[in-house]
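Full structure from sequences and hints, please.
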Amino acid sequence: MLHAYCIRAAGDPPPDAALRGVDGLPVELREACGVGAWVSRPPAPPPPAPERLVAHDAVARAALRSATPLPVRFGTCFAGDAELERALCEGADGYRAALRRVAGRVEMGITLGWDAAAQRRALGGADADAPDLEIAQGPGRAYLERRRRASSLERALLERAEAHVVQVRRIMGDDLEESVVLLPAEGIAARMAHLVHRRALSDYRARVERLRPALGDVDVLLTGPWAPYSFT
Amino acid sequence: MDDETSRAPRELDDDADWELWESPDAPRSLAELVNRVLDRGVVITGDVTISVAGVDLVYLGLNAVLTSVSTARRTLGRRIDQPPLR
Numbered sequence: 001m002l003h004a005y006c007i008r009a010a011g012d013p014p015p016d017a018a019l020r021g022v023d024g025l026p027v028e029l030r031e032a033c034g035v036g037a038w039v040s041r042p043p044a045p046p047p048p049a050p051e052r053l054v055a056h057d058a059v060a061r062a063a064l065r066s067a068t069p070l071p072v073r074f075g076t077c078f079a080g081d082a083e084l085e086r087a088l089c090e091g092a093d094g095y096r097a098a099l100r101r102v103a104g105r106v107e108m109g110i111t112l113g114w115d116a117a118a119q120r121r122a123l124g125g126a127d128a129d130a131p132d133l134e135i136a137q138g139p140g141r142a143y144l145e146r147r148r149r150a151s152s153l154e155r156a157l158l159e160r161a162e163a164h165v166v167q168v169r170r171i172m173g174d175d176l177e178e179s180v181v182l183l184p185a186e187g188i189a190a191r192m193a194h195l196v197h198r199r200a201l202s203d204y205r206a207r208v209e210r211l212r213p214a215l216g217d218v219d220v221l222l223t224g225p226w227a228p229y230s231f232t
Numbered sequence: 001m002d003d004e005t006s007r008a009p010r011e012l013d014d015d016a017d018w019e020l021w022e023s024p025d026a027p028r029s030l031a032e033l034v035n036r037v038l039d040r041g042v043v044i045t046g047d048v049t050i051s052v053a054g055v056d057l058v059y060l061g062l063n064a065v066l067t068s069v070s071t072a073r074r075t076l077g078r079r080i081d082q083p084p085l086r
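Note that the protein sequences, when read in sequence, are chains A and B.
For what it's worth, our numbering labels the leading residue of the first sequence as 1, then goes sequentially.
For what it's worth, our numbering labels the leading residue of the second sequence as 1, then goes sequentially.
It cannot be assumed that every hint is accurate.
Interface residues of chain A toward chain B, partial, derived using beta-carbon atoms under 10 angstroms [unchecked claim]:
{"no.": "1", "residue": "P48"}
{"no.": "2", "residue": "D57"}
{"no.": "3", "residue": "Y95"}
{"no.": "4", "residue": "L153"}
{"no.": "5", "residue": "P213"}
{"no.": "6", "residue": "T232"}
Ranges between beta-carbon positions, derived for each pair [unchecked claim]:
{"no.": "7", "chain 1": "B", "residue 1": "R28", "chain 2": "A", "residue 2": "A92", "range": "29 to 39 angstroms"}
{"no.": "8", "chain 1": "B", "residue 1": "D39", "chain 2": "A", "residue 2": "R41", "range": "17 to 27 angstroms"}
{"no.": "9", "chain 1": "B", "residue 1": "V43", "chain 2": "A", "residue 2": "A122", "range": "22 to 32 angstroms"}
{"no.": "10", "chain 1": "A", "residue 1": "A49", "chain 2": "B", "residue 2": "V43", "range": "30 to 40 angstroms"}
{"no.": "11", "chain 1": "A", "residue 1": "G11", "chain 2": "B", "residue 2": "R28", "range": "35 to 45 angstroms"}
{"no.": "12", "chain 1": "A", "residue 1": "C33", "chain 2": "B", "residue 2": "V43", "range": "10 to 20 angstroms"}
{"no.": "13", "chain 1": "B", "residue 1": "D39", "chain 2": "A", "residue 2": "P139", "range": "32 to 42 angstroms"}
{"no.": "14", "chain 1": "B", "residue 1": "V43", "chain 2": "A", "residue 2": "G124", "range": "37 to 47 angstroms"}
Since the hints were made in silico from the structure, they are not lab data.
This one's a predicted model, so the numbers in the text were calculated from it and none came from an experiment.
Glycine is no exception: its CB is placed at the ideal position from the N, C-alpha and C atoms.
Below you can see the structure in the form of structure tokens.
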């Protein structure tokens, strides 16, 4: 059984002999068709416990130190070396193209957090369940009106989250490759990822510092460098 | 000008850049890590066994920073991928 951490270009440095991955297992390089993979050999597919997820990412970040890899989603396992090699060969052209795309760059994450309940109140959501609906309209129409109000509120919340993303883009500049996910209902206005050149991280960090005073009650969480999970 | 396609090892200019990483023990950073490792990254096709056994247990175990599985699935969110602007 092989558990894969990341894909590497041919000729990229192998893992350090002392590197340990999930469950403390050694990490080795396997190569086929001009691409490589860093893998461990567990006895069975490892269940995704928190410490294993951290260990999995730690291997991807170790690879990132020397050359940007393609991080593999946790839980990707192969019955043996032949199966891994077959999979690498089948996808080799795509992996090489993706490696060229991310070469020299790392992923940085900006998560915009907010109090979703407070945002709803600010958008006038307090009256979504107003008792006067039943009295004025009857139960059936009142139900539909509540559904309509809730739907309108969620749309307004999404629009507000999108507005924050636009604001971030304006402040951070338009020269960054990005990936954005909006999650306005769950306390996260947006989760953004940028692909940043390794030698531009200080400049990137300075740009993020300009975000915090500009976004008011939106919390700005900066994380990274990551392997390019959001750009594979 | 750096050759971005060069395969030579390339360290970051400043070790402090790696310290941008907030400790994975911090709840919010752990949530960011889990989101990436479980929901992003390359999915290798072919003769592969994808291990998802116990994923519910992971979410339950982390319910201090994550929602329930059903809510997480419902609210994976709308993804907007911005194409390169240059």
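Status of the hints after comparison with the structure:
Annotation: P48 (chain A) was flagged as interfacial toward chain B, and the flag holds, the nearest CB pair being 5 angstroms apart, inside 10 angstroms. Against a cut-off of 10 angstroms between C-beta atoms, the interface hint on D57 (chain A) holds, since the closest Cβ of chain B lies about 5 angstroms away. Hint on Y95 (chain A) holds. Least Cβ distance to chain B is approximately 8 angstroms, under the 10 angstroms limit. Because the beta carbon of L153 (chain A) sits about 15 angstroms from the nearest beta carbon in chain B, more than 10 angstroms, this interface hint is broken.
Of the supplied interface hints, the one on P213 (chain A) is violated, with its beta-carbon coming no nearer than about 19 angstroms to a beta-carbon of chain B, more than 10 angstroms. Taking 10 angstroms as the C-beta contact cut-off toward chain B, the hint placing T232 (chain A) at the interface holds, the least distance being around 5 angstroms. For the pair R28 (chain B) and A92 (chain A), the beta carbons lie near 37 angstroms from each other, so the given range of 29 to 39 angstroms is met. Our hint of 17 to 27 angstroms for D39 (chain B) and R41 (chain A) holds, since their Cβ atoms are close to 25 angstroms apart.
Evaluation of the 22 to 32 angstroms hint for V43 (chain B) and A122 (chain A) yields a failure: the beta carbon distance comes to about 39 angstroms. Checked against the hint of 30 to 40 angstroms, the pair A49 (chain A) and V43 (chain B) fails, with Cβ atoms roughly 20 angstroms apart. Between G11 (chain A) and R28 (chain B) the CB atoms are about 37 angstroms apart, so this pair conforms to the stated range of 35 to 45 angstroms. For C33 (chain A) and V43 (chain B), the Cβ-Cβ distance of about 18 angstroms falls inside the hinted range of 10 to 20 angstroms, so the restraint holds.
Remark: the range hint 32 to 42 angstroms for D39 (chain B) to P139 (chain A) is upheld by a beta-carbon distance near 40 angstroms. Look at V43 (chain B) against G124 (chain A): about 42 angstroms separates their beta carbons, and that is inside 37 to 47 angstroms.
Checked against the numbered hints above, the structure violates hints 4, 5, 9, 10; every other hint is satisfied.
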